[in-house]
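Peer 1: Here is what each chain is made of, one letter per residue.
Protein chains: 2
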Amino acid sequence: MELASIGGTARGGVCRLALTDLDRRARDLVRCWLEQAGCAVRVDAIGNLFARRVGLDSSLPAVATGSHIDSQPTGGKFDGAYGVLAGLEVIRTLNDYRIETRAPVELCVWTNEEGSRFVPVMMGSGVYGGAFTLDHALSASDHDGVTVRQALNAIGYAGQAPAAVCDGAEAFGAYFEAHIEQGPVLEAAGAVIGVVTAALGQRWYDVTVTGQEAHAGPTPMELRRDALQATLRLVQAVDRIAREEAPHGRGTVGCMNVFPNSRNTIPGRVAFSVDLRHVDDAKLARMDEALHIAAGLLHHPGSIEVDLQEVVNFPATSFDASLVERVRRAAQAQNLANIDVVSGAGHDAVYTARVSPTAMIFVPCKGGISHNEIEDASPGDLEAGAQVLMQVVLETAGWQLRAR
Amino acid sequence: MELASIGGTARGGVCRLALTDLDRRARDLVRCWLEQAGCAVRVDAIGNLFARRVGLDSSLPAVATGSHIDSQPTGGKFDGAYGVLAGLEVIRTLNDYRIETRAPVELCVWTNEEGSRFVPVMMGSGVYGGAFTLDHALSASDHDGVTVRQALNAIGYAGQAPAAVCDGAEAFGAYFEAHIEQGPVLEAAGAVIGVVTAALGQRWYDVTVTGQEAHAGPTPMELRRDALQATLRLVQAVDRIAREEAPHGRGTVGCMNVFPNSRNTIPGRVAFSVDLRHVDDAKLARMDEALHIAAGLLHHPGSIEVDLQEVVNFPATSFDASLVERVRRAAQAQNLANIDVVSGAGHDAVYTARVSPTAMIFVPCKGGISHNEIEDASPGDLEAGAQVLMQVVLETAGWQLRAR
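Chains as they are written, first to last, in the working numbering: chain G, 10 to 413; chain U, 10 to 413.
Since the hints were made in silico from the structure, they are not lab data. Note that this is a predicted model, so its numbers are computed, not measured. Heads up, some of the hints might be wrong.
Since the list gives no way to pick one copy over another, a pair counts as held whenever it fits inside one copy or between any two copies.
Cross-link-like lysine to aspartate or glutamate pairs, in silico, EDC-like; alpha carbons within 20 Å at most [unchecked claim]:
1) K292 to D385
2) K292 to E253
3) K375 to D215
4) K292 to E231
5) K375 to E231
6) K292 to D248
7) K375 to D316
8) K375 to E392
9) K375 to D385
10) K292 to D316
11) K375 to E179
12) K375 to E404
13) K292 to E319
14) K292 to E334
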C-alpha cells in the first residue's frame, strides 16, 4: 500500500508510467527496502534493477524472481508490484529465519513492462532476453519525443551493468515470477494458485472492409454495399475461430472504427483489429488460416473488399517443465487449491524464458479485472502466492539455517 | 455550372452551407436571374425566396416549384440546385414561348434544407408547412453560437413576408419539386423519370449495449461479456427487419462507437445508431416492434444490457394522388422511361405536402451517389426532368399563348 501511494489515484488505482518521476520515487523506495534487507543493488543499461542476496556458493547462477513496478495510466495496485514485493518478502523471510541459500537469490525489477509510455512493451526483460537490442529500446520515444535514453538519465537510472545476456548479463539458474492472474479463470475454478504452464502466442491484425458509402434513405437494401453489415460476419468468425480451439484459443475484436460514422449514411468502410491467441503455435497457425479463409470468403472485388494485414506475430512460450512441476508440488504441499493455467497476457517471464529456465505463479484478482483502477486481490491469496514462491526459491537455490 | 462555381471545391463538388456568405452570393445570383426573367421576388421571415411570374387570374393560388441551394460540406452540384434551376428554366421557357398561365407560377428557394450548419433540417419549408415555429428556427445556432436570426441579418435575407401558412403565408395550389434521386433505383431500372408517390417515414434510435471490459489475453471465451460480439446480432437484426418489409423497408446502422476501442481489450460497451424507414406507417411500426423484440432478446441484466432510445419519429408522407398521376402521364406523353419510386430521403416537398398538394419528379444521379463531391447527373436526364416539370406546371396552372 505504501508503494501504491506513489502515483495513487482518487479511484484507488495507480498511475505510474515507466521512467517518470513517480517511477523514480517507486524505484528509490523499493531499492531502499532491498538495501535495508541486505541486498546489493545494481542497475543495468536499460534501467533494470537487480538486488542480490549472496549465496553460499558464489559460483552458482542466481535463483531470481521479480516483476515490474510501472503501471498502466489507469492501472491497479497489484499488477507487477505484487511480484516485486512477494520477492522482497521472500528475502526478508530468509533474513528473519537466518536461512542461507546455496545459490544467490536475486530480485529483478524490470523496466517498462507495460509499454504505455514507450514501446516495445516488456522492454527491460526483452533486452535481457534478446528479443530486441539495447539500442532499439533506448531509442524508443514517448508522445513528447522523449527517448528512453533521456528518461533513464533524467531519473538517474541509466546503469552501467550489461543489460542483455548476449552482451554479458548473467543468465539465471532459474526465474520465478509471481503475478495476479489478470483474468477470471482462478476465481471461476475456486483455485488460489495458478500453475502457469505456458504463455499464449499472439497474432494481431489490422483489417479494413470497404464497401460503398451511400444514403440510408434512398438506397434499397438489395442495392447496398454496406461495409458494416459485411464486417459483422468476419467479426463473428473471429469469435467462432477462437471457440473452435477451446480451451486455449482467444479471439478478440477490440477496436473498430466505422466511416463516415454518420447516422443516415450507409458505412463505406470499417477498420478493425483482430487479436488471436493460442498456447499451441500449430493451432494458432490454424486460427490464422481460418481468419484468412473467412476474410477471403467476404472479399468480392468491386463490391466488398477486405484487406487483412498481420501486425504482430509473437510465438507461444512454454515454461520450464521441471520448474512448473516444482510450483505445482509447492502448492500441493501447502494444500492450496491449484490448477494449471496458461497466461493469456505477456509478462517479463516470457522474455526471461528465452535465456533462463522460467516458471510463473498466478494468484486470483477480484473479478478477473486488471489494468483498471478497481483491480483488487485478497491478502490471503497474495500470501499464498508468496508462500509458494518462497518454497520454490528455497528448493531451487538449496538452503540451510545459518549457524548462530 | 455558374451557380456551382460559388463554393465550388477542388474535387468538383460544392461547399455552400446555409446562410453563409457563399449562400448569399448564390441567392443574389439566382434572384438576379429570376428578376431578369420578369419575376417579382419576395423574401419571408425565415429567408425563403419566392419569385412570382404573374398569371392571368391573380385570385388563383400559385402553382409552385423549387428546392434549395444550400449544400452539404462536401456536397455536389445538383442536390437542390437542380430543382431551383429546372424551375427557372420553366419560367424562361414560358417567357420564350410567350405563354401566359392562368394561375401564377412561383419559384421557391427554401432556406437551409441540408441542416449541415443549423438544425432542424428542411428549415425553411418546415416553418412554411408548420412542422415547427418560426421562432424555433430563428433561435437555432451553429457550432460557433451564431443563430439563424443573426445569420439571416448578416447576409441580408431576413425578409418581411410571413413564413408559415398558419401565419398568413399563401398556400400553393400545387407544389412540384424536381430533384436528383440520390439513390440507385432509377439507374438500376434504366428509368429516366422517377414518379415519386411518397416519402418514407423515419424512426431513428440510439442504442447502447453494455457488457464487461476485460483483457483479451487472460479472459477465456466462455467467461466473456463482449459487448461488440453481442451487438453484432442486433445490427444484423436491423438489416433483416428492413429486408422483411421489402421493397420499401430500410434499416441502417450508420454510426457505431466501441469502448474503450483498444486492440487487446474486450469491448465493454458499444453505442450505435439505428435508422428505420418505410413508406407505410403501419409497417414502420411493425419494424419498430421487431427492433424492440430483438433488443429485448439480447438484454440480460447483469450480463449484456441493452438500452434503446427513439430519437426521431417522422411519419411517412403520401404525395397528392392526382398530381402524382399528372407527373406519370407527363413522362409517358414524352416517352420517357419512368417508374414509380418512393423518396428515401427528406425533401422540402415533404413539408409543403402538409399545406399544399405536392408531388416530386426524380431524375437519376450517377451511381446513385449524392452528398458527395463526385455527385453527377447527365444533361439528358436533367433536361427530361425539366420537360416533365414544364408539362405538369402548364397543365396545373392552365395556359394560353400570349396575343402578339
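Peer 1: Up to 20 Å between alpha-carbons, please classify K292 paired with D248: within, between, both or neither.
Peer 2: So K292 and D248 pass the 20 Å test inside one copy only (15 Å; across, 34 Å).
Peer 1: Check K292 against D316 for me: Cα-Cα at most 20 Å, and say if that holds within a copy, between copies, both or neither.
Peer 2: Classified as neither: same-chain Cα gap 23 Å, cross-chain 38 Å, threshold 20 Å.
Peer 1: Within a copy, between copies, both or neither: which one fits K292 and E231 at a CA-CA cutoff of 20 Å?
Peer 2: Close across copies (18 Å), not inside one copy (38 Å); limit 20 Å.
Peer 1: Between K375 and D215, at a C-alpha cutoff of 20 Å, which is it: within one copy, between copies, both, or neither?
Peer 2: neither (32 Å within a copy, 33 Å between copies)
Peer 1: Please work out whether the CA atoms of K375 and E231 approach to 20 Å or closer within one copy, between two copies, in both situations, or in neither?
Peer 2: between (49 Å within a copy, 18 Å between copies)
Peer 1: Give the relationship of K375 and E179 under a CA distance limit of 20 Å: within one copy only, between copies only, both, or neither.
Peer 2: Neither: 36 Å inside a chain and 70 Å across chains, both beyond 20 Å.
Peer 1: With 20 Å as the alpha-carbon cut-off, assign the pair K375 and D316 to within, between, both or neither.
Peer 2: neither (39 Å within a copy, 27 Å between copies)
Peer 1: Up to 20 Å between alpha-carbons, please classify K292 paired with E253: within, between, both or neither.
Peer 2: within (10 Å within a copy, 40 Å between copies)
Peer 1: If the cutoff is 20 Å on CA atoms, where do K292 and D385 land: within, between, both or neither? Let me know, please.
Peer 2: Cα proximity of K292 and D385: none, with 33 Å in one copy and 51 Å across.
Peer 1: How would you classify K292 and E319 at a CA-CA limit of 20 Å: within, between, both, or neither?
Peer 2: The answer is within: 17 Å in one copy meets 20 Å, while 45 Å across copies does not.
Peer 1: Which holds for K375 with E392 at a C-alpha limit of 20 Å: within a copy, between copies, both or neither?
Peer 2: within (15 Å within a copy, 71 Å between copies)
Peer 1: Tell me, please, which holds for K375 and E404 at an alpha-carbon limit of 20 Å: within, between, both or neither?
Peer 2: The answer is neither: 30 Å in one copy and 78 Å across copies each exceed 20 Å.
The structure does not agree with the numbered hints 1, 3, 7, 10, 11, 12, 14 stated previously, though it agrees with the rest.
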